[in-house]
Amino acid sequence: MNAVPEIRPEMQPRVSRKFRLQWEDAQQAWVLLYPEGMVKLNQSAGEILKRCDGAHSVDELVADLERTFGTTGLHADVIAFLAMARQQHWVEV
Amino acid sequence: MNAPAPVTAQPGPPLWLLAELTYRCPLHCVFCYNPVDFAHTPDELSTDEWLRVLREARAAGSVQCGFSGGEPLLRDDLEVLVAEAHRLGFYTNLLTSGVGLTATRAAALKQAGLDHIQLSFQDSTRELNDFLSHTRTFDLKQRVAAIIKDNDWPMVMNCVIHRLNIDYIGEIIDMAVALDAEYLELANSQYYSWAMLNRDQLLPSREQIERAERITNERRERYGDRIRIFFVVPDYYENRPKKCMNGWGNVFLTITPDGTALPCHTARMLPGLNFPNVRDMDVKRIWFESEGFNRYRGHGWMKEPCQSCPEKEKDHGGCRCQAYMLTGDAAAADPVCDKSPRHDVVMAAVARAQSDEVVVRDIPLVFRTPEESRRRPVLAIAPSADPAHEPR
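Top line first, the protein sequences correspond to chains A and B. For reference, each letter of the first sequence is one residue, going 771 to 863 in the numbering used here. For reference, each letter of the second sequence is one residue, going 3 to 394 in the numbering used here.
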């Protein structure tokens, strides 16, 4: 078992089948739902996770985020978040 | 006393909707949290009324929906309600004893969009399981666990822990792993309703709890990622109260079989509070405006020692029902807290639990049956310093 799973740029992360990602109007936030529980995501976590569709690579996902928010240099932050999200079993790669 | 407490901030939405579809149940568990006078409950909500409740709650911001009871599978419209909840965007949970979950019914629930099933077990040994639930259901639960896995649902097993089964905790965990459960909740019985009537027989000794925690930790080591195990000690052994329901009217909304809206499963026992019914009032208004839901929000209602306590944000003074049951005053500090002037009541129950004498051996358990329930007057749990010792 690898304690800190590595996230590589070509990986295609997807939200784990154990969770359901959905936008909640009442909370104005993306949430992850699971049996009898919920994780309320902050804006950047939500923006990353909603792009984890299993069809796009980490590199493509970063490019899309940078384009959408008119910024650069998000790569390291996204990788760090995805490593944490994988540890939490929120995403599979 | 009767003025609603000042509410400083607008509460968030009722994220958790618990739909108690019926009080009917094939089991007769001695620790059931359903009210002891459940048999006096009038008509259950109709299918159309529940559908309206689901829509109103979703509009108010509810997102987790638990279908519970009693045994929710006894409602033959369960599939209809699950389908509507799913369509509305709820995450749907079925909390069941498993009685009535055939392969056919499971397939229909899957089709309706049910997200998850929590299966309750009383114990891992058939004899004790059947004794405690008063039925022969153990084999059935093993079949149901297989059905749950066959339908690819995540499975949470729930086993209420108490004095009579806590010594088998290792076997319970082994069984959960054998049944491929992803989560196992080993929640010690909380002393409300039927469990309160049976408290002296159900409260484990300190030695039993310490041993159970040790064994649970050993099993966590052994099984690693295969299963997540939650172990909840009885609050009687804590010196600070639990933050009950994560705060009164904060995230949790229960609708009882007859449509009464409550901030927790047992709040109907509290005196002087008129909880609204979904037949008369919209869920949003119930949640944000009703006197019952606003009564214990914020801190304005608190008395000493809570009012000046630096920890009041942390636990909100504990549980209002427990305060009422054990002190006769719903606004008092939960006597689990060692700052409570009535902490002695909890200490006395704990002291009795350390011996194996009279109370534990000689008082018969009260099973949750309609006959027992009908024998009890409405709102049978009267305030008393020691309700477990009321004459039966």
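Simulated from the structure, these hints should not be mistaken for lab results. Ideal placement from N, C-alpha and C gives every residue a C-beta, glycine not left out. There may be inaccurate statements among the hints.
[Stated by the list, open to error] Pairwise CB distance ranges, derived in the manner of DEER restraints: (1) B:D340 to A:A796: 47 to 53 Å; (2) B:D169 to A:F839: 37 to 43 Å; (3) A:R837 to B:A148: 46 to 52 Å; (4) A:R837 to B:K305: 55 to 61 Å; (5) B:A105 to A:N812: 25 to 31 Å.
Taking the numbered hints from earlier one at a time, note which ones the structure violates and give those numbers from smallest to largest.
The structure conflicts with hints 1, 2 and 5, although it agrees with all the remaining ones.
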